[in-house]
Each structure stands twice: as structure tokens, then as C-alpha cells.
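Trainee: Here are the chains, one letter per residue:
2 protein chains.
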Amino acid sequence: MNKNALILTRLGRCAIAIFCFIALFVAEVQAQTKATWIWYPGDYEIWLSNKMQNRRTERGSFFPPFWKLDSHYVLIDFHKDYNIASAEEAEIAVEGQYNLKIDGKAVAGYPKKITLPAGKHRISLKVYNQGAVPAVFVKSTHVVTDNTWQVTFEDKEWIDASGKTSDISATQYLQAGSWNFNEANTSPSAFRLPVKPQQAVSKDKKARSIFVDFGKETFGFVKLHDVKGKGNVTLYFGESKEEAMSLDGGELVDKFEVNQDKSGDLTFDGSRAFRYVNVVFDENVNIGDVSMLYEYLPVEQRGSFKCSDEQINKIWDVSAYTMELNTREFFIDGIKRDRWIWSGDAAQSYLMNYYLYFDSPSVTRTISALRGKDPVTSHINTIMDYTFYWFISIYDYYQHTGDQAFIEQSYSRMQSMMDYCLSRRNKNGLMQGLTGDWVFIDWADGLSKQGEVSFEQMLLCRSLESMALCANIMKDTKGSAKYGALAKDLKAKLFTYYWNAQKHALVHSRVNGKQTANVTRYANMFGIFFNYFTEAQKQDVKKYVLMNDKVQKIVTPYMRFYELEALCAMGEQDYVLKQMKDYWGGMLNLGATSFWEEYNPDKKGAEHYAMYGRPFGKSLCHAWGASPIYLLGKYYLGVKPTAPAYSQYLIEPKLGGLQWMEGTIPTPKGDIKLKISTTQIKVTADTGTGTLRIKSKTKPECSDAAVRATAGGYYEITIQKGKTFTVNYKAV
Amino acid sequence: MNKNALILTRLGRCAIAIFCFIALFVAEVQAQTKATWIWYPGDYEIWLSNKMQNRRTERGSFFPPFWKLDSHYVLIDFHKDYNIASAEEAEIAVEGQYNLKIDGKAVAGYPKKITLPAGKHRISLKVYNQGAVPAVFVKSTHVVTDNTWQVTFEDKEWIDASGKTSDISATQYLQAGSWNFNEANTSPSAFRLPVKPQQAVSKDKKARSIFVDFGKETFGFVKLHDVKGKGNVTLYFGESKEEAMSLDGGELVDKFEVNQDKSGDLTFDGSRAFRYVNVVFDENVNIGDVSMLYEYLPVEQRGSFKCSDEQINKIWDVSAYTMELNTREFFIDGIKRDRWIWSGDAAQSYLMNYYLYFDSPSVTRTISALRGKDPVTSHINTIMDYTFYWFISIYDYYQHTGDQAFIEQSYSRMQSMMDYCLSRRNKNGLMQGLTGDWVFIDWADGLSKQGEVSFEQMLLCRSLESMALCANIMKDTKGSAKYGALAKDLKAKLFTYYWNAQKHALVHSRVNGKQTANVTRYANMFGIFFNYFTEAQKQDVKKYVLMNDKVQKIVTPYMRFYELEALCAMGEQDYVLKQMKDYWGGMLNLGATSFWEEYNPDKKGAEHYAMYGRPFGKSLCHAWGASPIYLLGKYYLGVKPTAPAYSQYLIEPKLGGLQWMEGTIPTPKGDIKLKISTTQIKVTADTGTGTLRIKSKTKPECSDAAVRATAGGYYEITIQKGKTFTVNYKAV
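Chains as they are written, first to last, in the UniProt record's numbering: chain A, 1 to 732; chain B, 1 to 732.
The set of hints was computed from the structure by calculation and includes no laboratory data.
Just so we're clear, the structure is a prediction, and the values are computed from it rather than from any experiment.
C-beta: ideal position from N, C-alpha, C; glycine also.
There's no promise every hint is true.
Stated by the list, open to error - Chain A stretches covered by chain B per the calculated footprint, using a threshold of three residues with CB under 8 Å from any CB of chain B:
id, segment
1, 73-80
2, 104-116
3, 124-136
4, 150-157
5, 374-380
Said to hold, decoys possible - Computed from the model, here is a short list of chain B residues facing chain A with C-beta under 8 Å:
id, residue
6, 375
7, 532
8, 534
Unchecked claim - Residues from chain A that face chain B, not an exhaustive set, calculated with beta carbons under 7 Å:
id, residue
9, 60
10, 436
11, 612
Build out the structure end to end from the sequences listed, making use of the hints.
Mentor: In C-alpha cells, the structure reads:
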């Protein structure tokens with residue numbers, strides 16, 4: 001404000017004539033106060049994800065992904081048209097080989113400073129970088145690199161024989177991408193997650209080994225203290241004690257040589273997931289102690305939940321910790337094994353994130369990295385269903401954040417991805433696994449992937465609806481009509497082809513054009529919260545599928561997420577709370593300090609750790625295990641956006657048997673805080689216009705707003721931002 | 001042979017039973033004697049071309065290309081199924097982070113040696129490299145990395161919950177690419193062209209400058225000798241003396257600081273093109289002497305030409321030197337300015353190469369680099385005509401080399417490139433410049449690019465014919481039929497829309513569906529050597545276009561190449577020889593030591609050096625200036641392949657007024673040597689079956705083969721490889 005005031009004083013003499021100019025100028029000052037490193041949108045995400053996804057090892061062998069990894073564009077043109085009152089000195093930092101031009105005229109060499117001339121001008125930088133992402137940072141008083149800069153990977157600025165530049169280049173520019181590299185010396189390519197020291201809770205030191213327990217699942221770099229001598233050291237990591245003690249069965253084993261004359265500390269440079277580590281060393285080696293450096297993404301936990309049930313509180317806390325461990329450069333599947341970005345897993349992380357961190361960059365980084373670039377040569381992660389989650393999650397993201405720029409950046413890649421899907425439909429217009437397509441659905445014994453699986457059609461239908469909504473945002477009326485019509489047609493087929501009146505459910509698949517007899521939970525539960533069913537069908541599905549023990553049970557927290565969501569959407573919060581206590585509580589009872597990739601209560605002891613035919617193949621810290629965060633936020637505290645960015649939202653709290661609960665729901669512009677008991681509800685919101693919808697035995701009382709009785713026995717109260725609304729009621 | 005003999009002795013005892021095995025084994029030994037670094041085909045070429053094309057500077061500013069640069073795949077799976085009699089120790093070298101598997105089982109760590117088990121096995125390496133191309137080198141006695149290895153960028157080898165690998169991955173494998181990196185320690189990423197010292201022919205040393213003349217156009221790194229002191233040094237380069245003497249007008253100027261307490265040598269690290277360099281330095285700097293390191297591609301000059309005309313010999317030699325300078329990591333346009341790969345320029349270099357070096361890797365490197373990768377977002381180099389030259393040059397390459405593997409590698413990228421072109425046709429099915437398309441044709445004053453230019457349709461037609469031929473090689477019958485039909489249709493349109501009987505020529509263009517009145521040389525001369533005209537039309541075009549001074553003259557050696565080719569194809573060797581002496585001789589008379597980007601005899605003095613509105617903008621060493629090599633080889637010595645790889649070829653010598661000429665035509669399997677006077681022809685060939693076709697006043701005599709009289713007054717003699725054929729005749 002001081003700076004603006006100064007400008008106003010200085011220009012004050014010729015007041016009226018330049019008023020408009022000042023107004024514009026002030027607006028510009030406000031918009032451009034923060035310089036940040038910028039790049040071609042999506043490129044840094046692809047580059048960083050390559051780095052991350054190539055860190056997997058299996059017993060000391062490098063274990064990279066099996067799908068195509070894309071790359072950044074190596075040559076990028078950046079520019080910005082600016083308008084400043086007087087010349088300014090700008091600081092320039094660039095990652096790559098570059099030129100800098102003012103109004104198309106190049107400056108010699110690789111300037112680190114430049115005087116920007118006063119008035120209206122264009123500053124351009126063109127950067128080549130093969131190994132890392134071309135990125136630039138410019139900072140003067142009023143001209144700074146940010147998302148208002150334009151970028152392209154082909155400027156097509158050819159010249160004719162006279163030296164005149166082409167005026168028909170038809171180059172498409174996008175707004176630059178950025179994250180949070182806000183200083184000239186914080187080069188994007190040098191980015192590493194921060195670390196902090198962590199100590200063991202117990203150690204068992206022997207002549208040639210130290211067995212260490214860090215007390216809970218953790219992630220980072222093992223540090224060996226007071227190392228001396230020459231010889232081999234082997235680190236046997238374990239998420240379970242059994243795994244760390246197994247010399248030949250653990251997933252993570254690293255062997256290296258030390259050669260130290262003088263005693264010193266040594267940090268192993270591979271980040272690993274573990275609770276236990278068994279450090280085994282040759283007789284000529286001495287190791288004094290073992291600790292670790294915990295590696296994490298610094299992101300604020302804005303969401304919270306507390307209630308009258310201590311086990312549920314513990315479940316929420318362990319879920320939050322599971323999310324913390326899996327929220328890294330990207331939302332990953334699990335910290336021990338893959339450390340890859342899987343679209344199906346990530347889609348759940350986004351949803352949990354909206355109730356825990358509301359960290360939008362983590363969502364967009366992950367979505368961009370998953371998509372990679374054209375040409376599309378396979379489904380995302382090679383999995384058909386994972387492609388569909390990708391589409392659906394983008395519209396979801398928009399609904400939560402209102403981030404239209406991200407839709408604009410992503411739309412053409414959404415279109416080409418959808419073209420790929422549509423080109424792979426069979427003659428009935430349905431998705432059927434072709435060679436190269438992994439039809440995953442879920443880890444479930446004997447689950448058929450043959451023929452036209454109903455679940456895949458349902459996800460494609462929802463993807464098409466998401467495309468139509470994004471087309472609207474892009475003002476692509478033709479696209480909107482096209483995707484809308486395709487969705488409508490496919491939805492009709494879903495019911496014609498798969499609904500079985502005798503079974504009161506959608507069947508699992510069609511093979512050779514005929515319905516199979518099998519009913520599974522997948523399409524049926526998604527149909528509930530996609531709101532594809534009639535009310536009668538919903539009740540049928542609930543009775544004959546969701547609450548029917550004869551239908552194959554779900555054993556992964558992954559699909560439990562959606563199963564319990566469907567039940568919550570049907571108002572079964574009491575039942576779901578019990579299920580949560582049973583299933584997640586079951587893991588806690590087995591000593592879980594983070595939630596697992598898969599949990600089958602019928603297994604015993606170390607059987608729990610086996611998967612993929614390997615004794616410790618299972619991940620004991622898997623993002624999809626953290627779903628209680630989502631369920632408790634969305635279906636118990638009951639808050640969800642009904643217009644983009646929480647400009648409007650609904651609060652429909654359900655105690656589900658709890659005596660009380662309280663919590664915070666993060667939104668783009670502040671929090672929504674709730675405190676709910678069976679007799680009183682308190683709501684404070686920083687943003688938007690909310691509708692509190694409750695059932696009550698008597699008409700609720702609220703001194704802060706009017707209470708409306710509405711259909712279905714509900715009462716509604718409008719929540720405005722900025723003050724606390726207290727509602728007295730009698731919970732039904 | 002010793003090695004094989006040894007094996008036979010060792011195995012000799014159980015002779016018959018294992019005879020077949022030995023036969024196979026020996027074959028394998030012969031096939032696999034040379035290990036070479038391998039990579040995903042095309043990737044190294046893209047990576048290296050990025051490096052090269054980002055070396056351009058303009059007066060000390062970085063000047064990168066204006067089109068999209070692609071990148072290598074960062075994660076590649078390599079494998080080979082081998083069969084060896086006994087276990088072997090293999091040496092492993094890899095560029096990147098990798099794993100090594102035998103039969104799918106990973107070895108821990110990053111092995112540099114491995115014992116390959118005896119019998120049938122699969123060795124796989126999976127390599128991640130972001131900054132450079134994933135590449136591997138494996139060498140044991142019988143298992144070596146070479147083009148028989150299979151590679152993919154997406155193996156899609158997912159596993160199910162039991163750990164079983166997918167058997168429906170449908171992964172497409174290609175044969176590995178390679179060049180000539182045949183030792184473990186010759187890492188592809190470390191590749192640099194070799195250099196050798198070169199001395200100046202004159203120096204003018206003053207207190208604060210040294211002006212140096214290297215006597216002819218050259219390329220490489222300036223070396224400063226006995227440098228001492230602290231201060232700035234500026235290198236003013238010049239292809240002409242005027243350029244090096246101009247302090248503010250030269251294209252290449254580099255300024256840097258030296259700081260040397262002790263006197264020492266210093267090589268400037270930017271490679272530059274020049275004949276002259278003016279080294280200017282601050283008063284606190286001393287420089288003793290200046291020399292340079294000449295940088296070159298080591299490639300054998302197999303072709304040769306000598307004749308009775310010394311000026312023509314000089315033209316051939318300077319053409320060869322022009323080619324030498326522009327044949328580098330790739331065939332580039334010119335050494336001073338762009339140093340980029342331009343498809344139209346390169347297409348001519350390929351043709352010249354077939355008569356000078358016959359270096360196939362230089363052709364395929366350049367073709368692969370030009371194409372880059374999908375998706376296609378613009379024409380090659382943004383130029384419509386340059387895309388078409390790319391198609392045509394691939395079939396040309398096959399015709400000269402018979403390299404089917406390259407067609408197999410390139411075909412899918414040819415298809416997608418053609419899809420791009422076809423999608424940009426207008427409603428009449430013709431190519432017309434859309435925004436973003438550069439319709440180049442030639443540098444010529446006032447040349448119209450509007451509407452539907454006949455030249456572009458002709459090139460597309462030839463491209464479609466090339467596609468049909470390549471489709472045949474790929475056994476893609478559907479593709480062959482499709483491209484063939486499109487070509488036929490377009491050829492018909494060419495004549496319906498553009499042939500003007502009054503003008504006896506194809507007109508230049510149609511605008512708004514109407515023929516324009518303008519006739520230019522371009523489509524008409526290509527129509528000659530594409531053989532698109534009737535004999536009557538050919539004669540018309542010759543008279544009314546090629547030999548008609550009222551039709552706009554061509555001033556670039558680029559289009560002179562095709563103009564003179566058309567005239568040669570019409571038998572006008574006498575006329576063309578005079579033109580050559582006039583035009584190329586004209587440049588020599590002006591002191592050219594290499595041939596130019598453009599030459600207009602009407603200009604005077606330093607006017608010759610100007611282009612693009614800049615006083616020294618013109619390149620004085622441009623590959624397209626070297627066309628006499630091609631013309632003299634193909635149309636005077638008169639040798640060209642008529643079946644792939646010179647398995648069959650034609651020799652139709654034309655002295656064109658010369659008393660005698662002799663030369664060597666390189667082919668894939670040896671040379672064809674010719675010595676021709678007005679009375680005797682001697683031919684020796686290492687390869688194929690040739691047809692010598694000559695005119696003679698009397699029936700020629702040949703003691704080595706039969707002489708056949710054929711239509712048109714020609715005599716033909718069949719040339720078999722391995723002996724010298726001497727023909728006595730009387731030249732017409």
C-alpha cells in the first residue's frame with residue numbers, strides 16, 4: 001500500500017487525465033506482486049513424476065513403471081506484454097540455455113539482469129533444456145513471472161527473404177504453469193522434499209547387526225552413526241517386524257560398501273518405507289547407532305475431525321497419517337513398493353485431500369503427470385477404469401476449487417484421451433478389453449474381466465458427462481452436445497443391457513452379447529452415488545446387493561471406499577460407522593500404524609503381509625486405506641460443494657450413532673467449522689453460501705437465521721459467511 | 001575363421017549328430033561378431049539433433065529453432081532371446097539407471113558384468129534416462145547388442161494379484177537403432193565430432209587485434225595461443241573479409257572475458273563458420289597467435305569426378321568441399337547461420353551424398369531427426385513443401401540402399417505424417433496454406449503463395465506415390481491401394497486444374513477455384529523428372545518454360561538443382577554444362593571457396609553478402625550449392641539405380657561437350673568406376689547388373705559382352721560385376 005501511495009503522490013499533479021491509467025496501474029501492481037518460476041503447463045509435473053516413479057526398487061533392483069513415460073518440451077518460448085511507468089531493473093534466472101528479447105530484439109549473451117524500458121513492451125525468453133524443464137524467473141518491481149505469462153513449444157516465427165517475420169503463425173499459447181518456487185535461487189530442477197530427523201523407539205544391538213524399531217510406519221533415509229571400517233552393510237527394511245527379520249523375503253533390501261578410516265555418519269541415499277530396519281554389517285565394520293531422516297511434503301492439515309468415539313478418532317488420525325505418508329511429490333499408491341502414480345488410487349486421494357489438506361497443487365500435479373502427453377498409446381497406467389477415473393476427477397476438482405485455468409490447460413488432452421477411449425468401443429458401442437487393456441476393477445478372487453463389463457460402461461458414461469461439463473466451461477458447445485449425447489446413449493444402454501429385474505440389480509457383464517448371471521457390487525454401488533438409479537432401483541440395490549452377504553465381499557479398502565460411500569449416500573451412516581470400526585478398527589487391532597492395501601479379517605498372523613505371491617508383497621501403508629477421512633467429512637459432518645469452489649455448499653450432518661462430532665472442512669477461501677451434538681449444531685464459515693439441512697424431532701431454533709421446513713421432513717437454514725450460526729434441535 | 005575352425009575341431013568327435021547345431025552356431029557367430037551401443041530407433045537422432053540445432057547464435061545471442069523439438073523416450077525396455085552352447089561372461093555398459101534380467105528375473109544392483117547361462121534364454125535391460133538417450137552395450141563371445149535386439153517404450157507387463165504377468169500386453173517391439181559406437185567406453189551421449197588443427201594462411205597483428213585469414217571457408221573452434229592478462233576478447237567472424245571487418249554488421253560475434261596470470265592457450269568453445277576472424281582484445285590482454293581446430297564428420301569420400309574441363313573439375317571439388325562442411329552430425333543447411341536440419345535442403349544433400357559418400361547413416365539420422373515424433377503439430381520445419389520432400393526422400397533412400405529395416409522403423413510415422421497432410425486438404429482435395437503453414441517453394445521476389453499452388457499438389461502427389469511404394473514394402477495392401485488411389489486422383493486434378501494449353505505449361509496456382517495466369521518454373525520442371533508429362537507436354541514445357549527467359553528466373557542454387565536436373569533429363573547436358581560454368585563458375589570468379597545460399601550475377605561487390613535485410617545475412621557455404629556433384633554423377637557419368645540397392649542400374653553417359661570424363665559412383669556393395677571419352681567407355685562394377693546405354697555413330701564394339709541395338713537409336717551392353725568392360729564407339 002505504501003508503494004501505491006507513493007506512485008499516486010508522484011503522479012498526483014496531472015490528476016484527472018491520468019486517473020484511468022493509475023487505476024489500471026494499481027490493479028497491475030496488486031496482481032503482480034509475487035514472482036515465481038514458470039514453465040510450460042504440465043511439463044514440470046511430467047518431469048518430476050518421471051524422477052519419482054523411477055525410484056522404486058525391489059530387493060536392490062531398479063523397478064521402473066511398465067507404461068510409457070513422457071517428457072517435457074525441451075524448447076519453450078515465454079513472453080509477457082507489460083506496461084510500466086518508468087524503467088525497471090529486472091532480475092533474471094533461467095534453467096537452460098536461453099535468449100532474452102525486448103520487443104523481438106535479442107540481448108547478447110545470457111543476461112542475469114536487464115533494464116526493462118518504460119511503457120508498453122514485450123519481454124520474451126526462449127529456453128532450451130534437454131535434461132530438465134525449461135523454466136524462467138523474472139522479477140522487477142512490477143514485472144514478474146507468474147501464470148499470466150504466455151508460453152508455447154512452437155512459435156512458428158519464420159522470416160521471409162526480406163527478414164520479415166511471418167504473421168500467419170497461428171501459434172497456440174497457454175498460460176504458464178508454476179508451483180511455489182518463489183525465489184530466483186529455488187531452481188525447480190533442484191527441488192527435493194524436506195527432511196527432519198527421527199529417532200528409533202527401540203534398538204537391539206548385536207555384534208554385527210542393529211535391529212531398529214521406529215515405532216510406526218515411516219519414510220525416508222536411514223542414517224548410520226559413527227560408522228568405521230571397510231566392508232558391506234545390508235539394510236533389511238520391514239513394514240512388519242517379520243519382514244525386517246526375513247533375510248530373503250523382504251521387499252526392500254539394500255546392500256552397499258562402506259570404507260571409512262575415521263568414524264563418521266552416513267546417510268543412505270535411497271528413500272525407503274519401513275517401521276523396522278535390520279542393519280547387518282561385516283565384521284570389519286562398526287556402526288554406533290541408527291536413526292533416520294523423515295521425508296515429507298510440507299502441506300498444512302487444514303481439515304480436522306473429533307467425535308465421541310475414541311476408536312473412530314484413532315481411525316481418523318491413522319487415516320490422516322496414511323495420507324501424509326502417501327502425499328509426496330504426487331499422490332502415490334503406497335510408500336513401500338510402487339511409489340507410482342496410479343489414477344484409481346489418486347482419484348481417492350484427491351477426494352480425501354479435499355477434506356484433509358485442500359492442497360490444489362497436489363491434485364493438479366498428479367492429474368497432469370498421469371495424463372502425460374499425446375499421442376495416447378494406452379490407457380492411463382494401462383488400466384481402462386483408471387482412464388475413466390482421470391476424467392471424472394478433473395470435473396470433481398473443478399467443482400471443489402473452481403479452477404477454470406486448469407480446465408483450459410487440460411481440455412485438449414482430455415479430448416484426445418476421450419478420442420482414444422471412443423475409438424476402442426466395440427460394435428455395440430461398449431468398452432471391452434482389447435489386447436493391451438488392463439481391466440482392473442479391484443483385487444478380488446476370480447473376478448471376471450471378460451466381455452463388456454457393466455462397471456466400465458458406467459465409468460465411461462460418467463466420464464462423458466464430465467467431458468460435457470468441461471466442454472461447457474470451455475464454451476465448446478459442439479463438444480458439449482457431442483459428449484452429452486454419447487453419455488445419454490450409453491446410460492440408456494446400461495439399463496437396457498445390464499439391469500436384471502429378477503436380480504434387482506445390474507449384472508456384472510455381457511459376454512457375446514448376452515447378460516451373464518453374475519452380480520457384483522461395483523456398478524451397483526457406483527450407480528448409487530452417481531445417482532443413475534430410480535428411487536426404487538436404489539432400494540433394490542441396497543437390499544439385494546449392498547446388504548446381501550451372498551454377493552462377493554470386497555476385501556480392499558480401495559473398493560470399500562466406494563461401497564461405504566454408496567451406503568452413506570443411502571443414509572446408512574449408522575451401519576457404515578459399525579463397518580468402519582470393524583474393518584479399520586480390525587487393522588488397528590492388528591497393530592496397524594497406517595492403513596493397508598488389502599485387509600481380510602479371515603487371515604491370521606503374517607498371512608496378512610502376503611500379496612502377489614510374495615510373503616511381504618502387501619503394502620501396509622496405502623493411500624486408499626485412508627477413506628474414513630472422506631466419509632467422515634462428506635457424510636457425517638456432511639459438507640460438500642454444490643457450486644464450484646464452495647460458492648454454494650450443502651451441510652447435511654449425520655451423527656450415525658455418535659454422541660457428538662466436530663471438525664473443519666477446508667475450502668478454497670477459508671474453512672467451514674462445525675460442532676454437532678444430538679441437540680445443537682454450530683457452524684462458522686469463511687466462504688460462500690451454505691445450506692444446513694437437518695432432520696429434527698421438533699422444529700429447530702436458530703437466532704441467527706430463518707429456519708425453513710422443506711420436503712422429506714427436512715429443515716433448512718442458510719449459512720452466510722463470517723458469523724457463527726447456532727441451531728438447537730432434536731436429532732432424529 | 002580361426003575361431004570357427006577351433007569350434008569345429010573341439011566338437012568334431014560327435015560329428016554328424018551335431019552337424020546342424022554347428023551350422024546354426026557358426027551362422028550365429030558370423031552374425032554376431034560386432035557389439036554396438038543400441039537405443040530405441042530414432043531416439044538418438046532426435047536427441048543429437050536437439051543438441052546440434054540449439055548451437056545457433058546471432059551476434060552472441062542464442063537462436064534456437066521455431067518449431068517443436070521432440071525428445072527421446074526416457075524409459076526403454078531392451079531384450080534379446082539368445083541360445084549359446086556354454087555359459088559366457090558378458091560385459092555390460094548402460095547409459096542411464098537400469099535393471100538387468102535373465103528370463104524375467106532381476107539381478108540386484110547395477111551389474112557391469114554378468115554370466116549368461118548356457119542354452120536358450122532372454123536377456124533384458126530396462127533403462128531410464130531423462131537427460132540423454134537410454135542406451136545399452138552388451139558383449140560376450142556370442143551375445144552382443146546390435147540391431148537384432150527388440151525394444152519398446154511401453155512393455156505393459158502388469159501383474160495380477162497372484163504375481164502372474166499379463167499375457168495380453170500387445171506391446172509393439174521394434175528393432176533397436178544404432179550407429180557406430182562399438183566399444184563399451186564410447187558412450188553415445190559423450191559423442192562429439194573429431195577436430196584437427198588448422199593454421200591460418202595470413203595474419204595481420206596489431207596492438208589490440210589480430211586479423212586472420214584461413215584461406216578458405218572453414219568450421220570449428222578458434223584457438224588463441226599464449227594468452228595472458230585480464231580483459232575482454234571479441235571474435236568477429238567473417239565468411240567474407242568485409243564481414244569480419246564489420247564491427248556491427250557481422251552475423252557471428254562472440255565476446256568473453258579472459259583472466260590468465262600465466263600465459264597459456266585457450267580454445268573458444270563455440271564452433272563457428274568463417275574464413276576470416278578478427279580477434280580484438282583489451283589493452284590488458286596479450287594474445288600471441290591464432291589458429292583453429294577444424295571440426296568434421298569422418299566419412300570417406302567414395303565418389304569422384306574428373307574431366308577435360310578444369311573449371312568443371314574445380315566446381316566439382318568446391319561442391320565436394322561445400323558438402324564436407326555441411327555434412328556433420330546431420331546434413332545441415334549451411335554452416336554459418338542456422339546449422340539446422342531443413343528437410344528441403346537435406347533432400348538435396350541425400351541425393352548428392354549418393355554420388356559423393358554413400359553414407360547411409362547420415363541419411364537416416366537426418367530423416368529420423370526431421371520427423372521427430374507424434375503428434376504432428378505442424379509441417380516439417382513448418383514448411384508444407386518440406387514435409388513432401390521428406391516422404392519422397394524416404395523412398396529414394398530405399399531405392400539407393402535397399403534398407404528395408406528403415407522403412408519398417410519409419411512407416412508408422414510416415415502414416416501419421418500423411419494423415420496430417422491429408423487432413424489439411426481443402427474442399428477441392430488440394431493443399432492450400434492454412435494459418436501456420438509456410439508455403440516456401442523458393443526464395444524468389446514476389447512469388448505468390450496464395451490459393452492452391454500447383455507445385456505443392458505435385459509434391460503431395462509424388463509423396464502419395466512414395467507412400468504406396470513403402471506400403472508395398474510393408475505388405476500393407478490396404479495402405480498401398482489407398483495411397484495409390486489418392487495419388488492417381490490428384491495427378492488427374494493436376495492436369496485438369498493447372499494445365500493451360502495456350503501457355504503450354506502448368507500454371508502456378510488457382511485462387512478461388514480459378515487458374516491464375518502466372519507460369520513459374522517449379523511445377524513444370526518437377527513434372528519433367530517425375531515423368532508426369534506426355535512427350536509432347538515435355539517438349540512444350542522445355543520450350544515455353546525452361547528455355548523461356550520471360551518466365552521468372554531462378555536465383556537460388558536450391559532450385560537451380562531441380563531446374564538443371566529437368567534439363568538434363570531432357571538430354572540438354574551441353575546447355576547445362578554451360579549454365580554450370582556460368583553460374584557456379586560465376587561464384588568461383590568472385591573468390592568463392594564454397595558455394596552460396598543464393599547467387600545473383602547482377603549484384604556487385606559486398607551486395608552479394610546481403611540477405612534477409614542484413615548486410616552479411618547470406619550463407620556463403622550452403623549445402624544446396626553443391627548440386628554439380630549430383631548432376632555430374634547422375635546425368636553425365638549417367639549412373640542411377642533401377643532396382644533397390646543397385647541390384648540393377650543404368651549407365652547412360654553424356655559428355656555434354658566434354659572431351660573425356662572419369663569417375664566413381666559409390667553403391668552399397670562397392671563402386672562403379674567409369675572412364676568415358678568420345679571413342680571409348682570403360683566400366684568396372686563391384687555390384688549388381690548394369691545396363692550401359694549409349695548412342696554411337698557406328699555400332700559399338702565390346703569384346704567383353706554382347707552389344708544390343710535398341711529403340712531410339714541406342715545400343716545396350718549388360719555390365720556384370722567383377723570385370724572391366726571396354727566399349728569402343730563414336731560419340732554422337
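Trainee: Which of the listed hints are not met by the structure?
Mentor: 7, 8
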